[in-house]
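**Student:** Residue-level listing of the chains:
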Amino acid sequence: MRVLLVDDEKEFVATLAERLSYRGIEADFALGGDDALRMVGGVNYDLAVLDMKMPGISGLQLKKRLAEICPTLKFIFLTGHGSEEDYRAGSRESVYYLVKPISIDTLVGKMHEAIQKEGTTHG
Amino acid sequence: MAERNALIERGMLILSQLKPAFLRHHSDSGGSDGQILNFRRIWELAILLTSIVTLVPLILITSVDYQYTKRSIESENSLRTLRVASNIRHSISFFFHERLAALSFIVRDSSYEELADPEKLEQILLNLRQSFSGFADLGLINQSGLQVSYVGPYNLLGKNYDGQPWFEEVQEKGFHISDVFLGFRDAPHLVIAVKRQLADGQFYVLRTAFDTERFNGLIANFDLSGRGEAFVINQKGIIQSPSRRNAKLFEKVEFAVPPHSERTEVMDVMINDESFLVCSAYIPDTPYILIVLKEKEELIKVWKGTRLRLIGFLVVSIVVILLVILGVSTYMVNNMYTLDQRRLAALHKVEYSNKLASIGRLAAGIAHEINNPLAIINEKAGLIKDLFTYTKTYQNDEKIIAPLTSIISSVERCGKITRRLLGFARHIDDSVIDTVDVVAVIEEVLSFLKKEAEYRSIAIKVEIADQIPPLQCDRGKLQQIFLNIVNNAFAAMDVGGKLDIKVSYDSQERILVKVRDNGYGISQEDIGKIFEPFFSTKKGSGGTGLGLSVTYGLVQEIGGKIGVESVVGEGTTFTVALPLTASTADRE
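If you're matching them up, the sequences are chains F and S in order.
The numbering used here applies: residue 1 is where the first sequence begins, and numbers increase by one.
The numbering used here applies: residue 1 is where the second sequence begins, and numbers increase by one.
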């Protein structure tokens, strides 16, 4: 499984990528939408884990653009924010909408489930 | 004694319940109620002004009508008495003129010699008696006043009347009608004398006496209704015909002789402290004055009946008008009050919801801000743990692994708290019908109050019946309902209180949630008001008086029912009945 993590918190996303690699998941990370769009063109990712609120391109906008580039890409939103609008939009546009902090095992489990799910963006 | 007190208390309770809501309203019932209008004052003003504009014209019209009717009746009485007096006067006048004319005819038709002949005079008296009853005698008096011829029961032949006032009057006026007197016969009678003036300047007088029986009968024949009477007096006020009520014949009447007038006159007199209406009429060519007397008391009997009806009508009208004004004013002001209360409640509910929404947003913001650093701590601690776990050297070193696990589990706890906050805040703003597990909502609400319960040693017991089905309901509203009720129960209890929550499912397919505390309880007087906006028993301790009214509104909105039972000193039980399918209609 190859995963792209997008979050503006480098401390978080870099550490998460490293921890995932210990669990056999190949994870790259991007610190914003522009980096993510660049990266997705060169690598064939199975799953993208996106933050909702990021400077520049928001999580939702990024998801739409990534889906255009890579229609088979699955998405999970992982965010610290829990407003109702985010929750509804995030749930609609992704396989899972998860709130930080989350245990690594739960996250890995959800990632596997997301990959298994039929369809392109949400199940 | 106790029974009597209970009865009085019950009576006071009924009275207080009958009292319109705006009169029961006390601005000190807790919280700031934002009341702008003084409904008691509006009510009093409405009653006062409406009463003035309706009652003043009514009283004025009735008073004018009273005066007018009184005057009409008095005038009608006077006129009627005047008419009767006038009729009697004409009859008496005709009576005397008839007799005077008969004598004048005789004295002109017969010569002195014929009249001096006793036989002829006897014949004339006989003829007179046949035509007019009452003639007692007939006499001829010569110029010297000497009675030269006489027929009648007395021996008056040769009697000389010269110098007597009547004889002088007859010489002057040509006729004379005397006062009534007793005379030799000791029977009331009067005298009529007529003078015949001859061409040579000589004269003689024909004189007759007749009794007053016919004359009296003439007056008595007139029907004077009630206690009225008619009689005749002379110009000195001496009674000339019988009177039932007044002085006897030939005595003086008890009132002043009316002044001379050609017309029939009316006056009021007092006789023996009784008020009378007196009609007087001077009878022409006679010394008599006709008096018609009527008791005023008798006359105003009709007026009294009318007056009683008029006053009765006024009193009944005033009572009915006042009752209608009171009823209508109370109804209208009460409606105004109810609408104003609803307006205020709606305003405050919006304020309350806005406040909750603000708190929700604040909680969400804080949760978000905390979640990101928590996530970093989580990942960093996780990474360290991973490093040790995936390195065989430290894999089983509990001294390293245990603190790391503790850090991670603490982060997880914090995460749960922020997630709960976010979850709670999420439901404040929106209104979404969802499938909701009531028990989960109650547990969520209790989780917020768990610490407070621990600090205050409040024992919370939750009993859940088997198979409670899920509800189709607005989760946020349900959260607020239970949070408000449980908060209210906490506020009513001291340290060491007990809170029992029972969830059951009834035969009407409703979920019943009973929240029972063993707090102070609510008095019977207050229990009917606790769902009213701004009503609070937590005076001076920050109670807004809105919590339960908002709760009531929310329960109504989701189609449920809320009830309350309470015993002072024992505690209060709130029962919320929730239908499985919530009403989606917005009831506001």
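FYI, nobody ran anything at the bench for these hints, they're computed from the structure.
Beta carbons: idealized from backbone N, C-alpha and C, even for Gly.
Incorrect hints may appear among the rest.
[Unchecked claim] Just a few of them, taken from the derived set where beta-carbon distance is under 10 Å, the chain S residues facing chain F:
#1 I14
#2 P118
#3 E369
#4 A375
#5 T389
#6 G415
**Student:** Please go over all the hints and tell whether each is borne out by the structure.
**Tutor:** Here is what the structure says about each hint:
1. With a least beta-carbon distance of about 51 Å to chain F, the hint placing I14/S at the interface is violated under the 10 Å criterion.
2. Nearest Cβ of chain F to the Cβ of P118/S: about 149 Å, over the 10 Å cut. The hint is violated.
3. Of the supplied interface hints, the one on E369/S holds, with its beta-carbon coming within about 8 Å of a beta-carbon of chain F, less than 10 Å.
4. With its C-beta approaching chain F no nearer than about 4 Å, A375/S sits inside the 10 Å limit, and its interface hint holds.
5. Because the smallest distance between the Cβ of T389/S and any Cβ of chain F comes to about 8 Å, under 10 Å, the interface hint for this residue holds.
6. Annotation: G415/S was flagged as interfacial toward chain F, and the flag holds, the nearest CB pair being 4 Å apart, inside 10 Å.
The structure shown violates the earlier hints numbered 1 and 2.
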